[in-house]
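*Asks:* Work out the full structure: start from the sequences and follow the hints.
So the protein lines, in turn, are chains D and U.
Residue 132 in this note's numbering is what sits at position 132 of the first sequence, and the numbering runs on without skipping anything.
Residue 223 in this note's numbering is what sits at position 86 of the second sequence, and the numbering runs on without skipping anything.
Honestly, I wouldn't trust all of these hints.
No farther apart than 25 Å at their CA atoms in a straight line, the calculated lysine to aspartate or glutamate pairs in the DMTMM-like style are these [as the list claims (entries may be wrong)]:
(1) D/K50 <-> D/E86
(2) D/K64 <-> U/E141
(3) D/K32 <-> D/E124
(4) D/K67 <-> U/E240
(5) D/K50 <-> U/D171
(6) D/K64 <-> U/E142
(7) D/K50 <-> U/E234
(8) D/K65 <-> U/E234
(9) U/K149 <-> D/E46
The hints are simulated quantities; they were obtained by calculation from the structure and are not laboratory data.
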Amino acid sequence: MVYLTRKAEFSASHYYHNPDFTPEENQRLFGKCNNPNGHGHNYTLEVTVKGEVDPRSGFVVDLKKLKEVMNREVLDAMDHRFLNKEVPEFFDHIPTTENLAIAVWQRLHPKLQQARLHRVRVYETPDLFVDFYGESD
Amino acid sequence: MSAEENLATYGKCNNPHGHGHNYALEVTVSGQVDHSTGMVCNLVDLDECVRTQVLERYNLENLNFLEEFGVTVPTTENLCIEIFEILQRRFAHAHLERVRLEETMMNSFEYAGGNGAAK
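*Replies:* Dropping the structure here:
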């Protein structure tokens, strides 16, 4: 089993707000991230797939195709977007990096055929990243 | 594969004149900390093994001309597996967990043996 990781970068803006909370609760919980005008991040996405090496090609997966899927399913939808207002997953979920990693997994998982998705890692900043392995519990 | 199939599969990488990469290799070993040294293994031994067994063999070489890539395509997947197997044979001071090989800043590959899991 070989694990292959491909990186991509995208920029997006978001803010944190739960309509079930009072304004004071939102402010206390989310602090500066509660500003409704949003703020931006330069996200780094790492997508890891796993599989056996094809004896003919020497590949686990064709990197060009993986890049195309990542571009089509994730970057085209999220790069330079206001996540809360332009990406449907975040119309009713707070676009934390946790939820972003889950959303990326859910977008990629049904579209990858040659190799199995192993991990989605999203860096919000160089100091902070979230891993999601697709577990349901 | 036919010439057309090779080009379709490998694209620019099918250029018979070859192309180079600045690979970055990460080797992970595991073991209990030795009470007398405070070490899992002596990094000098690990460095020496990686240098003599891997770097001296592959650095600035045309991989396609090496015996192990005579019939096997030198994709980074296969290079990663080959390096793991070399180190597994040659490094006896700690347990080899994993080899991670970066082909570019955007691509990397990991191999932890037959059924090993990436960490």
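*Asks:* Does each hint hold? Answer for all of them.
*Replies:* Outcome of the hint check:
Pair hint D/K50 plus D/E86 does not hold up; C-alpha atoms about 31 Å apart against a cutoff of 25 Å. In summary, the hint linking D/K64 to U/E141 is supported, as the alpha carbons are separated by about 17 Å, within the 25 Å threshold. Restraint check: the Cα-Cα separation between D/K32 and D/E124 comes to about 15 Å, which is no more than 25 Å; the hinted pair holds. Restraint check: the Cα-Cα separation between D/K67 and U/E240 comes to about 15 Å, which is no more than 25 Å; the hinted pair holds.
For a cut-off of 25 Å, the pair hint linking D/K50 to U/D171 is broken: about 34 Å separates their Cα positions. Our distance criterion of 25 Å between C-alpha atoms is met by D/K64 and U/E142, whose separation comes to about 15 Å. Our distance criterion of 25 Å between C-alpha atoms is met by D/K50 and U/E234, whose separation comes to about 17 Å. For the hint linking D/K65 to U/E234, the alpha-carbon distance of about 29 Å lies beyond 25 Å, and the restraint is violated.
In summary, the hint linking U/K149 to D/E46 is supported, as the alpha carbons are separated by about 24 Å, within the 25 Å threshold.
Going down the numbered hints, you'll see the structure goes against 1, 5 and 8, while the others check out.
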